[in-house]
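Visitor: Model the full structure from these sequences, guided by the hints.
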Amino acid sequence: MFAGLFSILFSFLFQNQAAHTIQKNGIIEISFSNFVNTKIIAPDSVYTNAFNENYSIRRLKYYITNIELINTGNGKKAAITDSYFLVDDNDEGSKTISLTVPEGDYNAVSFLLGVDSLHNVSGAQTGALDPMNGMFWTWNTGYVSVKIEGKSTASALPGNFIEYHLGGFKGPDNVNHRIDLNFPSGNMKITGEKSVLVSIKADINLFFSSIYSLPIKTAAACTSPGSLARQYSENYAKIFSIVNAVYK
Amino acid sequence: MFTILSLFYGTLTVSNSMNSCKKNKSTTTHITGTLLKQEIPAGFPQPNYTFRNNPLTEEGFELGRKLFYDGKLSKDGNFPCASCHQQFAAFSTFDHPLSHGFSNQFSLRNAPALFNEAWQKEFHLDGGINNIEVQPLAPITAHNEMSETIESIVNKIQSDTSYHTLFKTAYGDETVNSQRILKALAQFTISLVSADSKYDKVKKGKANFLFYEQHGYELFQAHCTTCHPEPLFTDFSYRNIGLPPDTSLNHMGTIRLTNDPKDSMKFKVPSLRNVAVSSPYMHDGRFWYISQCIRHYRDGIQKSSTLDSSLANGIKLNERDIADINSFLRTLTDTAFLKNPRFSDPEQKRIFSPDVH
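As given, the protein sequences belong to chains A and B, one line each in that order. Counting from 1, one number per residue, gives the positions in the first sequence under the numbering used here. Counting from 1, one number per residue, gives the positions in the second sequence under the numbering used here.
Treat the hints with care, since some could be wrong.
[To be verified] Derived BS3-like pairs (lysine-lysine); straight-line CA-CA distance at most 27 Å:
| # | chain 1 | residue 1 | chain 2 | residue 2 |
| --- | --- | --- | --- | --- |
| 1 | A | Lys170 | B | Lys121 |
| 2 | A | Lys170 | B | Lys262 |
| 3 | A | Lys39 | A | Lys201 |
Because the hints were derived from the structure by calculation, they are not lab data.
Guide: This is the structure in structure tokens:
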């Protein structure tokens, strides 16, 4: 009787283990490069937007979360558990995200630009979501999804500052968009032996003008949730493109 | 048998998901302390905050208690949480319409009393905070309150050796981070349960209202329980009760967050438990006496488009009614809570307390 039970137990465990060993993983790296047009962002550079306004950027941070790898051909999707990353232009290490994913063919990457509503209401978080990272509103709970700070002579604010702290997760104020990007090279096979590097480019000029025309002269700052933040978010949902996806 | 298998399986899945998130999550929820049961008084509804992701332990509570009374959480050391939330005033600020903050500044609103926080849906008089764990970040970083940065308090707590053992016993190791600080503070504030007033004893059949308290209770039930229903004495809604705005403060309530004109002058309905010790009253502390508050509902209401519909005609009460409602409200004082040594400053031998009547 006992022996019987144990053999059942062991066979179950074995099956479980077998199921887990069959699933092999590979590595995908996603790197983010922040540009204005063709110029890579640097602290001393001055750029010109679509309205011929000059500006500089001293701080650029955004959340890349809820990452998925997709095979649009067969509909297979690998959602990466607990994938929360803060890309900070001043921190080189933060610009490359390394993920363990199940082996397979993928031809697209998808992520949420910003923090999902659940993690906006779940209390004290840590890691990338630690409020210490300066991406959290303390008086009106919620994460700042995208933060851009700098200067512009078009700004009438003290110090000619430009300051965009864009967040909001409730109903019409939700600024978090899912971004889907296809690999230009089509299917890439990720295996334990062959990892893939996806290079993504962000063009910050599109932040001011991809859908809505939002010159600095009319809005040099946006620091609370609402319809203006929502307009910026629809603009910045378009800033990303894939440069390439290659085997490493 | 089935349980054993599912336990095994659970372990496997956990370690698997840990593997895929190694870069962005540090291990913080390593609970090692003595588990405590959340206090839910008889007759109370299910709480909104349940410690599901923050297991309540004796050690976590004690860590939170020490942090609550520690001036290190403020820039100059003078403004611990307890500076605005004093136990003898039911964790409101005794005798102050607005509270003091860093560099001779004042807070914008009257500090709310703290008790039965597990039943709150949101925090602050405008409801801006959606989870008690992140509430302390607001006063800590407000320039006119504690005026600190999160990074600085983490560093200060980390270098204070008196915390090492507490962090270790609560979380398994001495690592200090904002999440551990905030979750420990929530363990303390959520544990501030008040349900042992004379009113509660009457409800349990262990005491009797005096004649005028009973009359006041009946009037209260007839006129006040739409917004202040028992047993929590608040419905947690936001309402404009017809207070004329104070132009020197220019604080217009939840509209600050929603930008919706419909929310102008709406503030959260406070609980009336311990109301006799949490003077002054209203969001800006404009009234010193309970009787002034009751009279406001009779003849002080300023009409506006956002005035709560239940107050359109005021509340008709005579002076005797007002005195009796006042007497009833005084039965909501929970002296055991106000003097409970478990909630007092762990570094002080006795609770400093003016005589509370």
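Visitor: State for each hint whether it applies.
Guide: Hints and how they fare:
| no. | hint | in the structure |
| --- | --- | --- |
| 1 | Lys170(A) <-> Lys121(B) | 16 Å, holds |
| 2 | Lys170(A) <-> Lys262(B) | 17 Å, holds |
| 3 | Lys39(A) <-> Lys201(A) | 11 Å, holds |
Checked against the numbered hints above, the structure breaks none of them.
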